[in-house]
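*Asks:* Listed here are the chains, written in short residue letters.
4 protein chains.
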Amino acid sequence: MIKVGIYGASGYTGQELLKILVRHPEAEVVALTSRKYTGMPVSDVYPAFTGLTKQSYIDASADEVASRCDMVFLAVPHGQAMEVAPRFVQQGVKVVDLSADYRLRDVAVYEEWYRPHTSAEFLSQAIYGMPELYRSEIKDATLVANPGCYPTGAILGLAPALRGNVIDTASIIIDSKSGVSGAGREAQVGTLFCEVNEGFKAYKIGAHRHTPEIDQELSSLAGGEVSASFVPHLVPANRGILSTIYARLTADISYTDVLEMYQSFYGEEPFVRVYGDGMYPNIAYVKGSNYCDIGLVLDAKKRRVIIITAIDNLVKGAAGQAVQNMNLMCGFPEDMGLQLVSLFP
Amino acid sequence: MIKVGIYGASGYTGQELLKILVRHPEAEVVALTSRKYTGMPVSDVYPAFTGLTKQSYIDASADEVASRCDMVFLAVPHGQAMEVAPRFVQQGVKVVDLSADYRLRDVAVYEEWYRPHTSAEFLSQAIYGMPELYRSEIKDATLVANPGCYPTGAILGLAPALRGNVIDTASIIIDSKSGVSGAGREAQVGTLFCEVNEGFKAYKIGAHRHTPEIDQELSSLAGGEVSASFVPHLVPANRGILSTIYARLTADISYTDVLEMYQSFYGEEPFVRVYGDGMYPNIAYVKGSNYCDIGLVLDAKKRRVIIITAIDNLVKGAAGQAVQNMNLMCGFPEDMGLQLVSLFP
Amino acid sequence: MIKVGIYGASGYTGQELLKILVRHPEAEVVALTSRKYTGMPVSDVYPAFTGLTKQSYIDASADEVASRCDMVFLAVPHGQAMEVAPRFVQQGVKVVDLSADYRLRDVAVYEEWYRPHTSAEFLSQAIYGMPELYRSEIKDATLVANPGCYPTGAILGLAPALRGNVIDTASIIIDSKSGVSGAGREAQVGTLFCEVNEGFKAYKIGAHRHTPEIDQELSSLAGGEVSASFVPHLVPANRGILSTIYARLTADISYTDVLEMYQSFYGEEPFVRVYGDGMYPNIAYVKGSNYCDIGLVLDAKKRRVIIITAIDNLVKGAAGQAVQNMNLMCGFPEDMGLQLVSLFP
Amino acid sequence: MIKVGIYGASGYTGQELLKILVRHPEAEVVALTSRKYTGMPVSDVYPAFTGLTKQSYIDASADEVASRCDMVFLAVPHGQAMEVAPRFVQQGVKVVDLSADYRLRDVAVYEEWYRPHTSAEFLSQAIYGMPELYRSEIKDATLVANPGCYPTGAILGLAPALRGNVIDTASIIIDSKSGVSGAGREAQVGTLFCEVNEGFKAYKIGAHRHTPEIDQELSSLAGGEVSASFVPHLVPANRGILSTIYARLTADISYTDVLEMYQSFYGEEPFVRVYGDGMYPNIAYVKGSNYCDIGLVLDAKKRRVIIITAIDNLVKGAAGQAVQNMNLMCGFPEDMGLQLVSLFP
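Protein chains in written order, with the numbering used here: chain A, 1 to 345; chain B, 346 to 690; chain C, 691 to 1035; chain D, 1036 to 1380.
In isolation and in its complexed conformation, chain A is listed as follows (with noise of 0.2 Å):
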């Protein structure tokens, strides 16, 4: 039994990284940070959890909350994280950071995109929080990066096919749809109900910060830089992100190619899902879940292969795979706590 403490504990990725430990049988929950609801119960904030955990969230800094546990899991604003995290792995605590600090290896890119770094002498030593592709570094990790929830889609999506170096990376599209949890529980206008229910659009072209980390996973995938569009749109649901990746074939291979490769690739994974011929992917299908569901789909005549993907955006693209990476940094069963059936409908 670890101590585990969430720093930012009252954003949508704060309370379902509680939701998941309450039930984790190896983790205990001792101190969950909030400056907005310091001093409030849990349960008055998100009712859901009235007879499920009396704490209340306190004001506390890195370093008492440090003290008291053995991980710590940082789910406040990029910026805010890095201020923290050196606190935590100075004093020992394993460190899943949910934020963009320490996504980006190269500093120069994390500066053109967010802001200056304040703590980039430890960006080497963090570990791309992706266990598909990052396992046995994540083990040995104090510091873990976590994923966004963009790039989870779509690296996973695309991860065999660079591997096996069967696509052109000039021509990878990435075109997402993510339910609206994404944007977080800030007030703001554009994520009033009314603005998105019965709306669907695009958003931030070629501006969302979640670009430089796709191209960077991609470009590691294919051994050389790749740049591809990515284009985000807000689909009017709570959860879940699609994404529909083309890109052109540079091989002469067949669906069934593709498919096995795919197959091979995820085999023992316990959260990707390669679907088979005809059956896509669909966001209510891995709600609530810590799946990745990929779909595959060959144009022959185009010579395109089509890819699409599927995950929780709160779950295998934030708390979820957080929550992994702390099994597999702690020795527990990748699985532990895990065990989530997709809620559908």
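Simulated from the structure, these hints should not be mistaken for laboratory data.
Bear in mind the structure is a predicted one, so any value in this text is a computation, not a measurement.
Be careful, since some hints might not be right.
To be verified - Covered stretches of chain B (chain D as the covering partner; in silico rule of three or more C-beta atoms under 8 Å from a C-beta of chain D):
(1) 356 to 368
(2) 412 to 422
(3) 485 to 496
Unchecked claim - For each label pair, taking beta carbons as the anchor points, the in silico distance ranges come out as:
(4) Gln781(C) - Gln339(A): 42 to 50 Å
(5) Ser401(B) - Asp1141(D): 46 to 54 Å
(6) Ile2(A) - Gly741(C): 39 to 47 Å
(7) Glu111(A) - Glu457(B): 53 to 61 Å
(8) Gly384(B) - Ala990(C): 48 to 56 Å
(9) Val799(C) - Tyr1238(D): 19 to 27 Å
Just so you know, even glycine gets a beta-carbon here, dropped at the ideal spot from N, CA and C.
Got chain A; can you put chains B, C and D on it based on the hints?
*Replies:* Just chains B, C and D, lined up with the frame of chain A:
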């Protein structure tokens, strides 16, 4: 052709007024005020108006707007309306106030539920803008207090029964369910998409400010004090209020009697539709229109009548009824600009 | 480890049972019947089960299923359940019937609201499966009639007040609002997305078949005949029933008295949460969980209590309560497999 | 005043036509056919029409309808339209066919994607009813093939770029997202509320019947064979199609060049709105209107243009465009009856 201003034009009600007025044959919108969006084109704030208007929001005093207009709609929050309404009235500009400031005839009741009233001397000349009950007074009015959204559905649902003196006024229960646009366009956590979608709840039980307004008009109809139990709920939909109203019958009447009472009461009304046996209103059937639909059920065994009403809260519950009042005040056909067909699905 | 069958496994209730049972430590699902989908893998019909089960639906007689199971859930429509339940009971297989066939103790009432009963002789041994009211009887039962979804919320909401004898039983009004999954997965125009979305309506007023079930249990609690006014409505959401219940107080009691009465009544219950002052239930807070949440308001002036309950109709209103009954019947911990945390948002 | 019939009036498209036509100053609807609802008042099937029409659906042959009408809209499924269209044409009744039966000029392509054609001899006189491309031909036509919903948004989005010869036609990807009303009002499991709500998926990849229609018109615009990759998705919303279109630029042009090309192409069009820099279409902004909104993004680095279009699939994508065609065919002002303001929120 009259010149019209919308004072406070950037909220949902303000833009709904504009939507109706841009197609109104006798009205020309000459002033749209908004402090928040001063100088911005309407079509930047609400792209749905692209190509329909080139106007921008202005920040103008009541006097400035008054000097340009024959008629003004006040779509600012309560408290602000009573600051400016006198300026318009004194300059001979007709006013339809969509706030609560002039709805309650008893200033003490207003001040109990809202705040100190700063222009109480105008209350006596304000007419409650429900054409079905006050048509002739509205025609002669300079200052019309446009009804609240919940009161519109509740009062229209009970008026025939109260005038007919067939129900026990102590037994009235009004269980109302509203779409989210009724909460306005202010950024707040409670009306974020993820907080409302896939949810349903009651709120402000016994504390909603529409309560005294409902009681005032029910009392007037009954010729004696009525205090109904009113419970509002939030529906995960953009528009519409459905009210399910329960009352104990005091007279020994049949379903047919009740139906005829309602059909007779509303026989000539352009915007009230009384449904026949077995047909129940649905907010989807009035969406985007100025109708109030009414369905009736008699539970003979329990001597109870169940009245169901549906309106679009932004139209009959706000902007549509306001234009209906303008038409009456200006001598236009009552349904001018309001021949809106519901948008289903 | 017991062997479990789901008879009629392809509807929403059947798949919800499977969802719970695949994670239940003491249950092994050995038979899933479906005439419509015979031979198809569950994961083809419900892709959410990909990787969770390799089973296919079978078409098997009650006797065949009985020969393989210790316990069976009947998730077929009423009429079909009473055809097969006797076969299971006679072979010593424990039965939880999720249809209405054994809920009404008076066969005449059943036949008035449903159809001729073909196994009325089993009614007397059927226990109404609401653990909060019939726990000890359920433990010894072979045939449990799982409550309807609307009755679950309505009865749990009224039980303490009726047992406490503080309300006028003639005054009870139950205004219920249900998500769409309650209508099942049959293809019908009325539950198409476009017919329901952005709508809200009442339906089957005075004619819903859950009416006699509610009245039966309220009468039992009150120790005398109760006939409540029950009006169901359709909410544009997948899951959840919120019931707003109104009753006139007969006793001179305070809010605190009522709250204590409810807290005391449900003090030890694992799946009932009584909210404190100013907190109201929301279907979003119970989604995916087995909780029934209860909120209380006292309108002292009108001497009326308002009780609000929320459940997930597929969990506490169907599959979850069914597994709770199974746990009791089999001597497992009552919350085994049911430690489901609500999925919010 | 012309006499108009709607042949197949009870589907979503048929009722949308009626919605527009009941307010059209020059059209009188004299026949509404429906086999399914023969004899039923329209207002029983669609209560939104209560008070707007007293007509009932009739079951009438094409000849009977032809004898009463000057113009007919065919809103029956493909296959049925080609059975009756010749009857109307031969009797001098103008026809707008909303099915696919006369959209594809090459009968072999039609038969490959649909079924044997029974009135192929009429194909040569059928005009593809997209006024922005075929206005003059439509004015003289007797038989107009109203475009499909997906093709409308896709073709309008690509027309200026193809005519301008600035994109690589082999690189075109059309990622489209449609609201559910596009699937019609047939009872089917796939479009039940619970199957669609909180979900998002791609479907019929490479197999959607709008594919050849898109390719036909893109080829015509490009002056050479074009075969685009078209992937439709289902959005949990009632109305609207958003298409995100990707193409590689072949010319060295700036964003301003592209914008001007589009503004110039659509300068005088009453129902196309080209958005300026940084503004992207949203289906919520066109809901209930006949507009096609277009947004443009240039990815200079990757030499790719991203074109986003939004329409209401039932209006510009079906009934609205059909009435626009009627107006042209009958010499009415093109926007008569179509001055619909979008319903937002």
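*Asks:* Next, verify each hint and record whether it holds.
*Replies:* These are the hints, each one checked on the structure:
1. 356 to 368: holds (count 5)
2. 412 to 422: violated (count 0)
3. 485 to 496: Contact hint for the segment 485 to 496 of chain B vs chain D: violated, 0 residues under 8 Å.
4. Gln781(C) - Gln339(A): 42 to 50 Å: violated, 33 Å
5. Ser401(B) - Asp1141(D): 46 to 54 Å: The hinted range 46 to 54 Å holds for Ser401(B) and Asp1141(D), with Cβ atoms some 51 Å apart.
6. Ile2(A) - Gly741(C): 39 to 47 Å: About 28 Å separates the Cβ atoms of Ile2(A) and Gly741(C), which means 39 to 47 Å is violated.
7. Glu111(A) - Glu457(B): 53 to 61 Å: Taking Cβ atoms as reference, Glu111(A) and Glu457(B) lie about 57 Å apart, which means the hint holds.
8. Gly384(B) - Ala990(C): 48 to 56 Å: Holds: the Cβ-Cβ distance is about 51 Å, inside 48 to 56 Å.
9. Val799(C) - Tyr1238(D): 19 to 27 Å: Given about 46 Å between the Cβ atoms, the range is violated.
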